[in-house]
Amino acid sequence: DSGVTQTPKHLITATGQRVTLRCSPRSGDLSVYWYQQSLDQGLQFLIQYYNGEERAKGNILERFSAQQFPDLHSELNLSSLELGDSALYFCASSEGDRPRGEQYFGPGTRLTVT
Amino acid sequence: GENVEQHPSTLSVQEGDSAVIKCTYSDSASNYFPWYKQELGKGPQLIIDIRSNVGEKKDQRIAVTLNKTAKHFSLHITETQPEDSAVYFCAASSRTGANNLFFGTGTRLTVIP
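Chains A and B supply the protein sequences, listed in that same order. When we follow this note's numbering, the leftmost residue of the first sequence carries the number 320, and every step to the right adds one. When we follow this note's numbering, the leftmost residue of the second sequence carries the number 1269, and every step to the right adds one.
Treat the hints with care, as some may be off.
[To be verified] Think about it this way: if two alpha-carbon atoms lie no more than 20 Å apart in a straight line, the pair counts; the simulated SDA-like pairs of lysine to any residue are: (1) Lys1305(B) with Leu407(A); (2) Lys328(A) with Lys1325(B); (3) Lys1310(B) with Ser405(A); (4) Lys1325(B) with Lys1310(B); (5) Lys376(A) with Asp1295(B); (6) Lys328(A) with Leu1308(B); (7) Lys1305(B) with Gln363(A); (8) Lys1310(B) with Gln336(A).
[As the list claims (entries may be wrong)] Derived list of chain A stretches under chain B, where covered just means 3 residues or more per stretch with a C-beta under 8 Å from a C-beta of chain B: (9) 390-396; (10) 421-427.
[What the hints assert, rightly or not] Each pair of labels, with its calculated beta carbon distance range: (11) Ala1297(B) with Thr431(A): 36 to 42 Å; (12) Gly420(A) with Asp1285(B): 32 to 38 Å; (13) Thr324(A) with His1340(B): 33 to 39 Å.
Simulated from the structure, these hints should not be mistaken for laboratory data. From the three backbone atoms N, C-alpha and C, an ideal C-beta is built for every residue, glycine too.
Just chain A, same shape as in the assembly (with noise of 0.2 Å):
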């Protein structure tokens, strides 16, 4: 157990609806960082905040958004959604911002779109 939480574990919606994904971070760790993981993509980074301030972005859509709460949780939230975003959905968190820090992985959220 990696001490990084998500819910929900599954989440089945149809097209043009919006999801929100919701993770907490290890006890102590600052940052959240949100992967996508699909069959054709593989691992891909998509964005990360620390201390409530987004620091990274990756390849995050535009219709995909987070944030980062004061009690440092994170939400992911996913619009309009289409077929091709069903994936599985990982966040993890560090200690801190600076390069080089260990990631430790949540569960994950699968998400499927029909």
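Here the structure of chain A is known, so what remains is to put chain B in place on it, guided by the hints.
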């Protein structure tokens, strides 16, 4: 940005044999190289990492080597056991910019009892 390539994509070994997975990276500024093990239905689990100031690191049956000149690093698992069966991912992170990881495409390791 960084590009990480990983080989092989699948690997089958007999229990007790060794397994080697290799990765190359493109960005010479990368200086942190973790390896993750992902079991079915679970998130990636950090199993070992290496930083660019060392060439080799070992933890029991697992070792990682790094060749900065050639920009490649490898995972070595000795005395493999059936519970080592999983998908293994290498990753790289740059010393500049964000701390996000760039992942390889994964190696599915099967240890045959």
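Hint check, failures only: 2, 4, 8 and 9
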